[in-house]
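Sequence lines, in order, name chains A and B.
Quick note on the numbering used here: the first sequence kicks off at 1 and runs consecutively.
Quick note on the numbering used here: the second sequence kicks off at 1 and runs consecutively.
For the record, the hints were derived by calculation from the structure and aren't laboratory data.
Don't take each hint at face value.
SDA-like cross-link-like pairs, simulated, lysine to any residue; straight-line CA separation at most 25 Å [said to hold, decoys possible]: (1) B:Lys-20 to B:Glu-151; (2) A:Lys-44 to B:Glu-228; (3) B:Lys-87 to A:Ile-74; (4) A:Lys-220 to A:Gly-46; (5) A:Lys-337 to B:Thr-70; (6) A:Lys-110 to B:Glu-37; (7) A:Lys-44 to A:Glu-59; (8) A:Lys-44 to B:Ala-227; (9) A:Lys-287 to A:Glu-67; (10) B:Lys-87 to A:Glu-71; (11) A:Lys-180 to B:Arg-33; (12) A:Lys-110 to B:Arg-120; (13) A:Lys-44 to B:Glu-174; (14) A:Lys-260 to A:Lys-287; (15) B:Lys-218 to B:Glu-37; (16) A:Lys-110 to B:Ile-134; (17) A:Lys-337 to A:Tyr-298; (18) A:Lys-174 to A:Trp-41; (19) A:Lys-180 to B:Lys-218; (20) B:Lys-87 to A:Leu-108; (21) A:Lys-260 to A:Pro-296; (22) B:Lys-20 to B:Phe-69; (23) A:Lys-263 to A:Lys-174; (24) B:Lys-223 to A:Lys-303; (25) B:Lys-223 to A:Leu-108; (26) A:Lys-180 to B:Tyr-104; (27) A:Lys-44 to B:Tyr-231; (28) B:Lys-216 to A:Gly-46; (29) A:Lys-303 to A:Thr-128; (30) B:Lys-216 to B:Ile-134.
Calculated from the model, a selection of chain B residues having no Cβ within reach of chain A, i.e. all distances over 10 Å [unchecked claim]: (31) Glu-37; (32) Ile-74; (33) Ser-77; (34) Tyr-104; (35) Arg-120; (36) Ser-177; (37) Glu-228.
Pairwise CB distance ranges, derived in the manner of DEER restraints [as the list claims (entries may be wrong)]: (38) A:Asp-333 to B:Thr-58: 32 to 40 Å; (39) A:Ser-329 to B:Pro-145: 51 to 59 Å; (40) A:Gly-182 to B:Arg-224: 20 to 28 Å.
We put the CB at the ideal spot given by N, CA and C, even for glycine.
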Amino acid sequence: MFEKEDVLIMGIESSCDETAAAVTRNGLDVLSNVVASQVDWHRKFGGVVPEIASRKHLEFINPVINEALAEAGIETGELDAVAATYGPGLVGGLLVGLSAAKALAYALDKPFIGVNHIAGHIYANFITHRDIEPPVLCLTISGGHTDLLYFKELGQYKILGRTRDDAAGEAFDKIARFLKLGYPGGPVIEETAARGEAVISFPRALIDEDTYDFSFSGLKTAVINYVHNQQQRGEDLDVANIAASFQQAVIDSLIAQLIKAVKEFDPTSVILSGGVAANRTLREQLKGELEKYNLPLYYPELKLCTDNAAMIAAAGYYQYINGNYSPLSLNADPNLKL
Amino acid sequence: MLILGIDTSTETCALGLMNKGELLAELNVQLYRRHSERLIPNIDWLLQEAGIDIGQLTGLAVTIGPGSFTGLRIGLSTVKTFAQELKIPVLGISTLDVLAYMLYRQRAWVVPVLDARRERVYTALYRGGERDIIAAREWPDGVRPVSGLLEELNNLDPEGDFYFVGNGVKTYGELISEAALNTFIEPGVFNLPRGGIVAELGSYYLKRGQADDLDKLKPNYLKRPQAEINYTTSDQ
Ligand SMILES: [Zn+2]
């Protein structure tokens, strides 16, 4: 049983290939966090197929909502609001979760709250670490986004840079598919890279330029060209070395832009979030780099790193207490910015 | 029974509210790509005008296609969540049943056609004169080239009368009129699925206990995702 003043929020997430629902209490207490992953359906295509994702979201959304309620041990009537991701992401999937969330909020006559997925990733950190001290630099990296953010307090973000082409996770997926290593790309590249050495020089785009943006499409082309050249010369491919060199180029690009921002903004904490934050090589190198500046590095536990709905409920809570509700006419916005 | 019928499978958002076989309210509006923005506000308007609270509903009916994949998913995600929350039965209805039902009293063949692009239509064939539109069905829902459809109908009954209805008439009316069979094209007002009919069919079949299993209710896409088609036709 909960105190009367407890605020229970349901979060719903369907922006990529995870169908998720969760209930949080007073923002950061996770009562349930249910994720139905579709990775098995997308694996053979080497990436997320939007139409397949949309179909799966519709199959999973209602059972996932039920499970989130059952796990939290509550009835829908006890919810104070329903929050859902409305962007950025794949529009077909977003619309499934958004429609369900609006329908639930309407049937319950409770507020509906549209949440920015990137904001959700930031709140995921506060679920795991209650002691993060602002101002914060936050690097969110996943299959869908690569964003460098700065914020002075919860709720007030400033976007410093983002990818100009592929997201970091997308680059991992594409190269993994190209090297026939499997899917999802992040874990298989890291595993393969561990057996090799970063001896091939691939480009690190934009790091010497006056920007916090990222770019990975040139790197992808460089890897493909390198492999083709080797094949034309009839030389054996050292896939482990290629994976290690590619991974190092991505890591160097990420760290370079982040450190540039550390120097400029002088933050108290640094946060790493999104699916690619699960990459141990990146974490270790970044941690080492930040030690030079006496800065702690935070990252959420794995199940909060990847897409989930607890982070959406948490973000929704902060909008709820500020009275920042959304109209039931809210549409999905695949290119939503922070 | 108090039934809300919802159709978002085409450019029209069609809503109907039926109480014991009587139409209380209906809303049909061409929205094109604005279903997501307008569906719940329109439902809210309809219920308010009829003085009904959503908690009073005793059943739901929704079109499951054929039609726009995105539109269908918005409709189904909404309706399934209502059904789950309100714990009331739900019935999925073919969009073509809804169109054919408008002409069920014709003593002739009824052919609903929805534009599936590139001179193809989503279609099915019904015997006129029967109110139980599912029982009146001759063909399952399918996608066919317009010319192939006309040829097939001609082979089936060269002397018969065929009534065409649906937005496919707007696009392929000329092809249909010029066919070597007795075709009749309905005036434009019949070519949109109507919310009142979705609700009426919902009432009719739900009363007979024909509710759908919520977990199994999904769109009738009539097409596999393109990526899967490409995958199976490549070097597999
Ligand atoms: Zn994400």
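Hints, verified against the model:
1. At roughly 42 Å between alpha-carbon atoms, Lys-20 (chain B) and Glu-151 (chain B) are farther apart than 25 Å, so this suggested pair is violated.
2. A hinted pair counts as satisfied when its Cα atoms are at most 25 Å apart, and Lys-44 (chain A) with Glu-228 (chain B) qualifies at roughly 10 Å.
3. Pair hint Lys-87 (chain B) plus Ile-74 (chain A) holds up; C-alpha atoms about 16 Å apart against a cutoff of 25 Å.
4. Straight-line distance between C-alpha atoms of Lys-220 (chain A) and Gly-46 (chain A) comes to about 15 Å, which keeps the hinted pair within the 25 Å bound.
5. At most 25 Å may separate the alpha-carbon atoms for a hinted pair to count; Lys-337 (chain A) and Thr-70 (chain B) meet this at roughly 23 Å.
6. Proximity of Lys-110 (chain A) to Glu-37 (chain B) is assessed by CA-CA distance (about 18 Å); at most 25 Å being required, the pair is judged to hold.
7. As the CA atoms of Lys-44 (chain A) and Glu-59 (chain A) are separated by approximately 20 Å, the hinted pair is consistent with the 25 Å bound.
8. A C-alpha spacing of about 10 Å is found between Lys-44 (chain A) and Ala-227 (chain B), which places the hinted pair at or below 25 Å, so the restraint holds.
9. At roughly 37 Å between alpha-carbon atoms, Lys-287 (chain A) and Glu-67 (chain A) are farther apart than 25 Å, so this suggested pair is violated.
10. The straight-line distance between the Cα atoms of Lys-87 (chain B) and Glu-71 (chain A) is roughly 19 Å, inside the 25 Å bound, and the hint therefore holds.
11. A distance of roughly 39 Å separates the Cα atoms of Lys-180 (chain A) and Arg-33 (chain B); the hinted pair therefore is violated under the 25 Å criterion.
12. With a C-alpha separation of about 44 Å, the suggested pairing of Lys-110 (chain A) with Arg-120 (chain B) is violated against the 25 Å cut-off.
13. Between Lys-44 (chain A) and Glu-174 (chain B) the alpha-carbon distance is near 44 Å, which puts this suggested pair outside the 25 Å criterion.
14. A hinted pair counts as satisfied when its Cα atoms are at most 25 Å apart, and Lys-260 (chain A) with Lys-287 (chain A) qualifies at roughly 15 Å.
15. With a C-alpha separation of about 22 Å, the suggested pair Lys-218 (chain B) and Glu-37 (chain B) falls inside the 25 Å cut-off, and the hint holds.
16. Proximity of Lys-110 (chain A) to Ile-134 (chain B) is assessed by CA-CA distance (about 38 Å); at most 25 Å being required, the pair is judged violated.
17. Our distance criterion of 25 Å between C-alpha atoms is met by Lys-337 (chain A) and Tyr-298 (chain A), whose separation comes to about 23 Å.
18. For the proposed pair Lys-174 (chain A) and Trp-41 (chain A), the alpha carbon gap of about 17 Å is at most 25 Å, so the pair holds.
19. Using a Cα cut-off of 25 Å, the hinted pair Lys-180 (chain A) and Lys-218 (chain B) is violated, with the two alpha carbons roughly 34 Å apart.
20. Only pairs whose Cα atoms come within 25 Å are accepted, and Lys-87 (chain B) paired with Leu-108 (chain A) is accepted, the gap being roughly 13 Å.
21. Using a Cα cut-off of 25 Å, the hinted pair Lys-260 (chain A) and Pro-296 (chain A) holds, with the two alpha carbons roughly 16 Å apart.
22. Under the criterion of a C-alpha separation no larger than 25 Å, the hint pairing Lys-20 (chain B) with Phe-69 (chain B) is inconsistent with the structure, at around 32 Å.
23. For the given pair, Lys-263 (chain A) sits about 32 Å from Lys-174 (chain A) by alpha-carbon distance, which is inconsistent with the 25 Å threshold.
24. Distance hint between Lys-223 (chain B) and Lys-303 (chain A) is unfulfilled; the C-alpha atoms sit about 34 Å from each other, more than 25 Å.
25. Between Lys-223 (chain B) and Leu-108 (chain A) the CA atoms are separated by roughly 35 Å; this puts the pair beyond 25 Å, and the hint is violated.
26. The straight-line distance between the Cα atoms of Lys-180 (chain A) and Tyr-104 (chain B) is roughly 57 Å, outside the 25 Å bound, and the hint therefore fails.
27. With a CA separation close to 9 Å, the supplied pair Lys-44 (chain A) and Tyr-231 (chain B) stays within the 25 Å bound.
28. At roughly 28 Å between alpha-carbon atoms, Lys-216 (chain B) and Gly-46 (chain A) are farther apart than 25 Å, so this suggested pair is violated.
29. A distance of roughly 10 Å separates the Cα atoms of Lys-303 (chain A) and Thr-128 (chain A); the hinted pair therefore holds under the 25 Å criterion.
30. Taking the CA atoms of Lys-216 (chain B) and Ile-134 (chain B), the gap is near 19 Å; set against the 25 Å cutoff, the hint holds.
31. A beta-carbon of chain A comes within 10 Å of the beta-carbon of Glu-37 (chain B); the shortest separation is about 5 Å.
32. Remark: the non-interface label on Ile-74 (chain B) conflicts with the geometry, its nearest Cβ contact in chain A lying 5 Å away (cut-off 10 Å).
33. Listed as outside the interface, Ser-77 (chain B) is inconsistent with that label: its C-beta sits roughly 4 Å from the nearest C-beta of chain A, within the 10 Å cut-off.
34. The beta carbon of Tyr-104 (chain B) is kept farther than 10 Å from every beta carbon of chain A, the shortest such distance being approximately 30 Å.
35. With a cut of 10 Å on Cβ distances, Arg-120 (chain B) stays outside the contact zone with chain A, its closest approach being about 18 Å.
36. The Cβ of Ser-177 (chain B) sits about 35 Å from the closest Cβ of chain A, beyond the 10 Å cut-off, so the non-interface label holds.
37. Taking the minimum C-beta to C-beta distance to chain A, about 7 Å, the non-interface status of Glu-228 (chain B) is violated against the 10 Å cut.
38. As the Cβ distance of Asp-333 (chain A) to Thr-58 (chain B) is approximately 36 Å, the hint placing it in 32 to 40 Å holds.
39. For the pair Ser-329 (chain A) and Pro-145 (chain B), the supplied restraint of 51 to 59 Å is violated, since their beta-carbon distance comes to about 39 Å.
40. For the pair Gly-182 (chain A) and Arg-224 (chain B), the beta carbons lie near 24 Å from each other, so the given range of 20 to 28 Å is met.
When held up to the earlier numbered hints, the structure conflicts with 1, 9, 11, 12, 13, 16, 19, 22, 23, 24, 25, 26, 28, 31, 32, 33, 37, 39 and fits the remainder.
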